[in-house]
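So the sequences go chain by chain: A and B. Here this note's numbering is used: the first residue of the first sequence is 1, the next is one more, and so on. Here this note's numbering is used: the first residue of the second sequence is 1, the next is one more, and so on.
Take these hints with a grain of salt, some might be off.
As the list claims (entries may be wrong) - The calculated lysine to aspartate or glutamate pairs, modelled on DMTMM-like cross-linking and capped at a C-alpha distance of 25 Å, are:
id, chain 1, residue 1, chain 2, residue 2
1, A, Lys43, B, Glu379
2, A, Lys73, A, Asp61
3, A, Lys73, A, Asp107
4, B, Lys265, B, Glu374
5, A, Lys76, B, Glu374
6, B, Lys608, A, Glu95
7, B, Lys385, A, Asp107
8, B, Lys594, A, Asp61
9, B, Lys336, B, Glu652
10, B, Lys608, A, Asp115
11, A, Lys76, B, Asp240
12, B, Lys575, A, Asp107
Note that these hints are calculated values from the structure, not bench results. Computed from a prediction, not measured in an experiment: that's the story for all the values here.
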Amino acid sequence: MARKRSPARLVIALSVAAVLGVFLLYTSIAGGGTPSLQPGQLKGRTGHVTLGGVVVRQAGDARSSGGLRFTLKDRKGSTVVPVVYHGTVPDMFREGREVAVQGTLRDGIFVAQRDTLVTKCPSKYVDKKN
Amino acid sequence: MAGLGRAALVLSLALVLYAALAGAYAAWRRRRRLALSAQNALLAAFGTTLLASGLLAAALLRHDFSFTYVADHTARALPTMYTLSAFWGGQEGSLLLWLLILTGFSAAAVWLNRRSATDLVVWTTPVLGAVASFFAFLLVAVSSPFATQPAVADGAGLNPSLQNPYMVAHPPMLYLGYVGLTVPFAFAMGALLSRQTDERWIIATRRWTLTAWTCLGIGQLLGAHWAYVEVGWGGYFAWDPVENAALMPWLAATAFLHSVMIQEKRGMLKVWNMLLVILAFCLSIFGTFLTRSGVVSSIHSFTQSSIGPWFAGFISAITIGSLALVFSRLPLLRAKTRLESLLSREATFLYNNLLLVALCLTILWGVVWPLITEAIRGEPTTVAKPYYDFFLRVFGLPLLLLMGIGPLIAWRRASWRAVSQTFLVPAGIALVAGLGLVAAGAGSSIPGLVAYTFSAFVLASIVYEFVRGTRARRALSGGSWLGAFTSLIGRNRRRYGGYVVHAAIVLLAIGIAGSNAYQTVREQRLAVGQSMQVGAYTLVYRGSERKTTPQGFEVRGNVDVYRGGQFVQRLRPGKNHYVREQQDSTEMAIRSDKLTGEDLDLVPDYDKSGNFYLKALVKPLVNLIWIAGIVFLLGSLIALWPDAREQRRLAERYAPRRALAEA
Numbered sequence: 001m002a003r004k005r006s007p008a009r010l011v012i013a014l015s016v017a018a019v020l021g022v023f024l025l026y027t028s029i030a031g032g033g034t035p036s037l038q039p040g041q042l043k044g045r046t047g048h049v050t051l052g053g054v055v056v057r058q059a060g061d062a063r064s065s066g067g068l069r070f071t072l073k074d075r076k077g078s079t080v081v082p083v084v085y086h087g088t089v090p091d092m093f094r095e096g097r098e099v100a101v102q103g104t105l106r107d108g109i110f111v112a113q114r115d116t117l118v119t120k121c122p123s124k125y126v127d128k129k130n
Numbered sequence: 001m002a003g004l005g006r007a008a009l010v011l012s013l014a015l016v017l018y019a020a021l022a023g024a025y026a027a028w029r030r031r032r033r034l035a036l037s038a039q040n041a042l043l044a045a046f047g048t049t050l051l052a053s054g055l056l057a058a059a060l061l062r063h064d065f066s067f068t069y070v071a072d073h074t075a076r077a078l079p080t081m082y083t084l085s086a087f088w089g090g091q092e093g094s095l096l097l098w099l100l101i102l103t104g105f106s107a108a109a110v111w112l113n114r115r116s117a118t119d120l121v122v123w124t125t126p127v128l129g130a131v132a133s134f135f136a137f138l139l140v141a142v143s144s145p146f147a148t149q150p151a152v153a154d155g156a157g158l159n160p161s162l163q164n165p166y167m168v169a170h171p172p173m174l175y176l177g178y179v180g181l182t183v184p185f186a187f188a189m190g191a192l193l194s195r196q197t198d199e200r201w202i203i204a205t206r207r208w209t210l211t212a213w214t215c216l217g218i219g220q221l222l223g224a225h226w227a228y229v230e231v232g233w234g235g236y237f238a239w240d241p242v243e244n245a246a247l248m249p250w251l252a253a254t255a256f257l258h259s260v261m262i263q264e265k266r267g268m269l270k271v272w273n274m275l276l277v278i279l280a281f282c283l284s285i286f287g288t289f290l291t292r293s294g295v296v297s298s299i300h301s302f303t304q305s306s307i308g309p310w311f312a313g314f315i316s317a318i319t320i321g322s323l324a325l326v327f328s329r330l331p332l333l334r335a336k337t338r339l340e341s342l343l344s345r346e347a348t349f350l351y352n353n354l355l356l357v358a359l360c361l362t363i364l365w366g367v368v369w370p371l372i373t374e375a376i377r378g379e380p381t382t383v384a385k386p387y388y389d390f391f392l393r394v395f396g397l398p399l400l401l402l403m404g405i406g407p408l409i410a411w412r413r414a415s416w417r418a419v420s421q422t423f424l425v426p427a428g429i430a431l432v433a434g435l436g437l438v439a440a441g442a443g444s445s446i447p448g449l450v451a452y453t454f455s456a457f458v459l460a461s462i463v464y465e466f467v468r469g470t471r472a473r474r475a476l477s478g479g480s481w482l483g484a485f486t487s488l489i490g491r492n493r494r495r496y497g498g499y500v501v502h503a504a505i506v507l508l509a510i511g512i513a514g515s516n517a518y519q520t521v522r523e524q525r526l527a528v529g530q531s532m533q534v535g536a537y538t539l540v541y542r543g544s545e546r547k548t549t550p551q552g553f554e555v556r557g558n559v560d561v562y563r564g565g566q567f568v569q570r571l572r573p574g575k576n577h578y579v580r581e582q583q584d585s586t587e588m589a590i591r592s593d594k595l596t597g598e599d600l601d602l603v604p605d606y607d608k609s610g611n612f613y614l615k616a617l618v619k620p621l622v623n624l625i626w627i628a629g630i631v632f633l634l635g636s637l638i639a640l641w642p643d644a645r646e647q648r649r650l651a652e653r654y655a656p657r658r659a660l661a662e663a
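All chains, full assembly: derive it from the sequences and hints.
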């Protein structure tokens, strides 16, 4: 083309390159995020993960030294994992609800990080009918 | 009653399908009367959808528990306001609200533009009809609000955390925004289909875009305020997919609002504007889907949700269809002029656009990251706050800076000399403010300090621009300073309304930076009479009280707040228990210092033995976030206010072309 190239193209090309550069920089420093797993995928994992599932049983007190103890089940499936948790418990936490919590698996028990328990956003939550 | 509702929705579906199919045929074959009947079908569809909505609202108010929707989302003891707001508390009702707003907006947009942009409206009608058909189809066949069941004695109730005035206003506001973005999209597609790719589609939809964008912005702030007072963690935004769902189309629409000005003034960026309006619309559909189904934790939940596959198909169809259309019309979208210099108003708009889109797409990348990683590696990986915070700083801080540069720089080509002269005052003020902040100890957070210095720069340049304009106007026409000032705004509503919105964004930035970068948090178990320190406050726990309420009971902990040894206030954070919903709701207490804008947030908790735990947060400048909302609305209203002079100017500019088109 005889027409002189618009500097806009240069700007766009440079910015795309800059964005990609920043992106690579970020992912190389911070890693690719936390794996989020269900109880069935947890076996043998030792790293820090987000565990999501349905609460089946709960006992204890998140404020006591023994912590809140509950069992998480796969959304579809039967594998269960016991969880021990300390800190703030969301209002929505209840048996039968879907929650996510961060932590690591130690000797078959998922030891949760303090104050990381979250329930699904209430605006889209509809209780399963019995 | 439910049968009538279903029938009304089936009728709506038939009407919007007719508008889509007959409208398209009429536009293609140039059948004027058929095109008019398609437009009338769109108007009638609003009527039938309104009837269906009225029936659902009546069923809610009558506590008719033979409606599954009513039984699932309300209970007899629920206050009337929340009974009505349960309309948009669930998936089916909110889809109905979507369709109601969409048919209402479609009818209004078609009606208002039927004379000024006839050739566009002919093609816009089928596009609007097609979008409405999708939602009407979902309501009729997949997710009906009029499903019935044997009546139960009482309903399941509304989730207690949704029983909050902000949650009554937040969803409809967001929906006005989401749906409003359909109008500029439909006109853009109408322009491409009819090959009328001049600026008229932009002019016809400018106020629609602005209104939708304002609603989306206000809706998000209402949601943030709800999270702040109700969810009880002392925050207002957590980069949750549902929150990002509203932020992404807002960012795309912000970019669009800026870049259309370049097309209007200089005839550039035509393809880019098309892409932006497509992006904003697709993201608003995606956002509706996210908030309604809660996907993205996994591909599996995507396919499990009853409406998931339909939405995925619809989003793919509109993305592919509209991009193909843009591609096929590329020769018509050639720019009239070129960017002359990288130091010009146009160029700063271009940088602003690139940054906004980059921010929007990185957020989108974060939201869909679990889906991508699951598809590739078999297990989903999520990114969290650090990811988003990082990119908000990387793209957001330059954006803030550009907001101060853009308005002061000349169109076409600016000289470095003129630029350095213009920026002497604002840059000087920013420098002084930055040094002052370092002296005041704000250096503890570098991003916070940078944000504040940039904010000072932007505010200084906005004030400078107002002063410069007022002075010029007064020199021109004389009179008082106030008269010159109001006439300056009155004659350039769009421009100065825009600057007021900029000021609101600066306030927002100051509030966000302040409350994040400089907050203090303490958490402690308190026995009766025991005290704790947080920031400059001393908190003394004076025991808890229990009271019965219509929906259950409430417990309140009395906490006396002292500052500098002086008693200031008794705060009563606690918990509400809802019997019907079998749930607790944390009721945090907030003390806002109106003078300094500092908030003291108390988040209470009780263990099983009744011991009281208190998490106390001191957040400086949080107030500015809510004040920013008011300023934002004010600026938008100034920019939106009808301007007879502007209308005449536009009518003259496009009159000859329209006469040609109609001939």
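Structure-based check of all given hints:
Restraint check: the Cα-Cα separation between lysine 43(A) and glutamate 379(B) comes to about 13 Å, which is no more than 25 Å; the hinted pair holds. Between lysine 73(A) and aspartate 61(A), the direct Cα distance comes to roughly 20 Å. Compliance with the 25 Å bound is thereby established for this hinted pair. Of the supplied pair hints, the one linking lysine 73(A) and aspartate 107(A) holds, its CA atoms being roughly 18 Å apart against a limit of 25 Å. With a C-alpha separation of about 46 Å, the suggested pairing of lysine 265(B) with glutamate 374(B) is violated against the 25 Å cut-off.
About 17 Å separates the Cα atoms of lysine 76(A) and glutamate 374(B), which keeps this hinted pair within 25 Å; it holds. Between lysine 608(B) and glutamate 95(A) the CA atoms are separated by roughly 17 Å; this keeps the pair inside 25 Å, and the hint holds. Among the hinted pairs, lysine 385(B) with aspartate 107(A) is inconsistent with the structure: their alpha-carbon atoms are about 29 Å apart, more than 25 Å. With a CA separation close to 38 Å, the supplied pair lysine 594(B) and aspartate 61(A) exceeds the 25 Å bound.
Our distance criterion of 25 Å between C-alpha atoms is met by lysine 336(B) and glutamate 652(B), whose separation comes to about 20 Å. A distance of roughly 17 Å separates the Cα atoms of lysine 608(B) and aspartate 115(A); the hinted pair therefore holds under the 25 Å criterion. For the suggested pair lysine 76(A) and aspartate 240(B), the alpha carbons sit about 24 Å apart, so the restraint of at most 25 Å is met. This hinted pair does not check out: lysine 575(B) and aspartate 107(A) have alpha carbons roughly 36 Å apart, beyond 25 Å.
Hint compliance for this structure: hints 4, 7, 8 and 12 are broken, all remaining hints hold.
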